[in-house]
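Chemist: Using the hints provided, position chain G relative to the given structure of chain U.
So the protein lines, in turn, are chains U and G. Mapping the first sequence onto my numbering, position 35 (from 1) lands on 252, and the numbers just tick up by one. Mapping the second sequence onto my numbering, position 76 (from 1) lands on 293, and the numbers just tick up by one.
Simulated from the structure, these hints should not be mistaken for lab results. Any given hint could turn out to be false.
Since the list gives no way to pick out one identical chain from another, each pair is judged satisfied if it fits inside one copy or across any two copies.
Okay, derived cross-link-like pairs now, BS3-like style, lysine-lysine, Cα gap no bigger than 27 Å in a straight line [to be verified]:
#: 1; residue 1: LYS317; residue 2: LYS233
#: 2; residue 1: LYS327; residue 2: LYS273
#: 3; residue 1: LYS360; residue 2: LYS435
#: 4; residue 1: LYS266; residue 2: LYS371
#: 5; residue 1: LYS419; residue 2: LYS371
#: 6; residue 1: LYS260; residue 2: LYS427
#: 7; residue 1: LYS260; residue 2: LYS500
#: 8; residue 1: LYS342; residue 2: LYS482
#: 9; residue 1: LYS327; residue 2: LYS500
#: 10; residue 1: LYS482; residue 2: LYS291
#: 11; residue 1: LYS273; residue 2: LYS482
#: 12; residue 1: LYS260; residue 2: LYS233
#: 13; residue 1: LYS312; residue 2: LYS500
#: 14; residue 1: LYS291; residue 2: LYS333
#: 15; residue 1: LYS419; residue 2: LYS292
#: 16; residue 1: LYS482; residue 2: LYS427
#: 17; residue 1: LYS463; residue 2: LYS500
#: 18; residue 1: LYS312; residue 2: LYS260
#: 19; residue 1: LYS504; residue 2: LYS482
#: 20; residue 1: LYS459; residue 2: LYS233
#: 21; residue 1: LYS342; residue 2: LYS423
#: 22; residue 1: LYS371; residue 2: LYS435
#: 23; residue 1: LYS463; residue 2: LYS482
#: 24; residue 1: LYS327; residue 2: LYS292
2 protein chains.
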Amino acid sequence: METWFFENQTGNFGIKIRVESILFHEHSDYQEIAVYDTLEFGKVLVLDKAVMFSDKNEFVYHEMLGLVPLFSHKKPERILIIGGGDGGVVRECFKNPFVKHIDLVEIDKKVIDVSKKFFPEIACKLDDERVRILAEDGIEFIKRVDSGGREEEKYDVILIDSTDPVGPAEGLFRRDFYEAAAGALKADGIFAAQTESPFFNKNLIKDIGKIIREIYEKSSLYLASIPVYPSGLWSFTAGSKKYDTKVINESYNNFNFTGLESDLKYYSREIHRTSFILPNFIKEILK
Amino acid sequence: METWFFENQTGNFGIKIRVESILFHEHSDYQEIAVYDTLEFGKVLVLDKAVMFSDKNEFVYHEMLGLVPLFSHKKPERILIIGGGDGGVVRECFKNPFVKHIDLVEIDKKVIDVSKKFFPEIACKLDDERVRILAEDGIEFIKRVDSGGREEEKYDVILIDSTDPVGPAEGLFRRDFYEAAAGALKADGIFAAQTESPFFNKNLIKDIGKIIREIYEKSSLYLASIPVYPSGLWSFTAGSKKYDTKVINESYNNFNFTGLESDLKYYSREIHRTSFILPNFIKEILK
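So that you can see chain U by itself, here it is in the shape it has in the complex (with noise of 0.2 Å):
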C-alpha cells in the first residue's frame, strides 16, 4: 500500500510526502490540523494542508527565526513569539544565556496542545517556568502592549513565527501590524519574521523589506536552506532601530557556542554572518 499526502505550495508546484500513518486529524477554531507518520522525514505537522515542520528537519527553522535576532541582541532578556505554538522557537530561545522571560501568544490553543502531545522534543520547553502562554490573537495582543506604552511590558525581541499569509495569519503580514510590533519593542529592539520563499513570493518579501526599511534603521533579509519548505530555501526579514542583525553582538565574544555545539545542526557563528549574503537574483528582489 501507498499512501501520499501532497501540499500545492503555490497553484503550479508541489511536494508529495509518502505517509505511513495519520496520527491526528481535527479542524480546530482556526484551521485543519494533521500530524502524519512519514517514511521520508519522521513526524510532519500540517496546518491548513501546509506542511510547517518535520521531526528530521524542524531544526533550520527555528534554529534560524530563533537565534540569528536573540545572539545580534546585547541582552534579550524579554522575548515575545506570535504564533509558534509548537514551541521549536521557544526551545532555540533558550540556548541564548540572556533570555528571563518569554511570551508566547499562540492563537489557536489545539496546535499547542497537538505539539505536546506528538512533538515533546519540540515542545520541551513550553512547561517552563520562565515561559507564559496566551493562547489570544497575536494582533490584539501587540497592538494592547504598542498602546499601553509601558516600557517595562516591552519586548527586546519580537519574533513572528507564523504560517503562510492565508487563512489565521493573513493579518500578521501587514503595515499596521508591523507598526504595532515596533510599538512594542523597547527602543533598542530587535524584530524578525518568516517572510517565505525568494523564488516563489518576491512580491511579498519585497513589500515586507520595503515596510521593515521605513520603521527601523537597520534592517535586512537572511536566508536558510529547509527541504520541506517551498523551493527549500526560505526567507527572513529582521529590522531594529539599532542593532545590525547580520553581526553576532560582542556581548557573546566569550560565549562558548562551541558547548552549544552538539545541540545546534544549523546555526553557529558563521552561518549567523553567511546567511546575510544574498545571491543576486534576491539581491534584486529587495532594490
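Modeler: Using the frame of chain U, we list chain G on its own:
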C-alpha cells in the same frame, strides 16, 4: 484541465509540477528525454523522469558548477566538461576571461539536439568555435587522456555535470573514474562535480568526499539553492593539488565582476566564499 508531472525524488518524497504542454518526448539510446512547458518554471528538461533544469532556475546550477572552480584557478585555459550536453556550464565558463578551449563530452547526442532546439538561451555557446563536442562515453574519454599522458591534452579544470548516480551516469560516481580524472588534469588542475543533496544523499556525499580528500591535497564541499532539485539544497565537491577552491584566485583581483553582474543572477565574489560555509549537520557528514 490540470496536467501534472510527478518526480519521485526519493522513494518517499517527490515534487509535482503543473504542465501546460509536452513539447518533446523520446527514448534515446541512453535515457528517456522529455521537455515540458510549465506554468511555474517555464520550459523544463526531464531525463529519466528527473528534472534537470528549468528556464527560470537553471542559472543557479550552471553558474555555481561553472564559475566557482574556474575563478579559483589562476588561469583556466583548457576545460573539460563531462555530461552537460545542454550547454549551460559551457555558457558560464566563457564568463571567465582566460578560457580558450572547452571539450564537452556528452554521451547522449540527443540531449544536445534537444537543448539547441528548446533551450537556445542555455545552449547558446555550443556552436562557439572554441568548443569541441564529443558525443561519447565520458569515462572512456577521461581514461584515454589519463593513460595517454600527453601534457598538452590535459586540462586546467574538469567539471562533472552528470545526472543522478543511476543509469548512464552511475560510473561517474566511482573511485576509478575520479582517479582517472585526476590523471587527466594538469598538476595544478581543479576537479569539481555535482554531488547531490546534503539532506537526502548523506552517504554519497561522505563517500565521494573521502575519495576526493585521498586524491587531492585540497578538497571542499560547496552549496547552492536549487528549487527543482531534491530538498532544494545542492552540493558540489571540488578537489585540487594546488588551489583552494574556497578562494577567488588573486589573478582576478582587478577583474570586473560588476561588469558581469547583470549576467550573474546567483554567483558573486561574496557568494563564492560563503557557498563553502556549511551548516553543522553537513560538517558532520564530512567527518
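Chemist: A separate judgement is required for each hint: does it hold in the structure or not?
Modeler: Here is how each hint holds up against the structure:
no. : hint            : verdict
1   : LYS317 - LYS233 : neither (41 Å within a copy, 45 Å between copies)
2   : LYS327 - LYS273 : within (22 Å within a copy, 40 Å between copies)
3   : LYS360 - LYS435 : within (22 Å within a copy, 56 Å between copies)
4   : LYS266 - LYS371 : neither (35 Å within a copy, 54 Å between copies)
5   : LYS419 - LYS371 : neither (32 Å within a copy, 44 Å between copies)
6   : LYS260 - LYS427 : neither (37 Å within a copy, 32 Å between copies)
7   : LYS260 - LYS500 : between (35 Å within a copy, 25 Å between copies)
8   : LYS342 - LYS482 : within (18 Å within a copy, 42 Å between copies)
9   : LYS327 - LYS500 : neither (39 Å within a copy, 37 Å between copies)
10  : LYS482 - LYS291 : within (23 Å within a copy, 35 Å between copies)
11  : LYS273 - LYS482 : within (11 Å within a copy, 31 Å between copies)
12  : LYS260 - LYS233 : both (14 Å within a copy, 22 Å between copies)
13  : LYS312 - LYS500 : between (31 Å within a copy, 21 Å between copies)
14  : LYS291 - LYS333 : neither (31 Å within a copy, 56 Å between copies)
15  : LYS419 - LYS292 : neither (33 Å within a copy, 38 Å between copies)
16  : LYS482 - LYS427 : between (32 Å within a copy, 22 Å between copies)
17  : LYS463 - LYS500 : both (15 Å within a copy, 22 Å between copies)
18  : LYS312 - LYS260 : within (24 Å within a copy, 45 Å between copies)
19  : LYS504 - LYS482 : between (32 Å within a copy, 14 Å between copies)
20  : LYS459 - LYS233 : neither (43 Å within a copy, 44 Å between copies)
21  : LYS342 - LYS423 : neither (34 Å within a copy, 34 Å between copies)
22  : LYS371 - LYS435 : within (19 Å within a copy, 51 Å between copies)
23  : LYS463 - LYS482 : both (20 Å within a copy, 22 Å between copies)
24  : LYS327 - LYS292 : neither (32 Å within a copy, 61 Å between copies)
Violation of the numbered hints given earlier is confined to hints 1, 4, 5, 6, 9, 14, 15, 20, 21 and 24; the remaining hints are satisfied by the structure.
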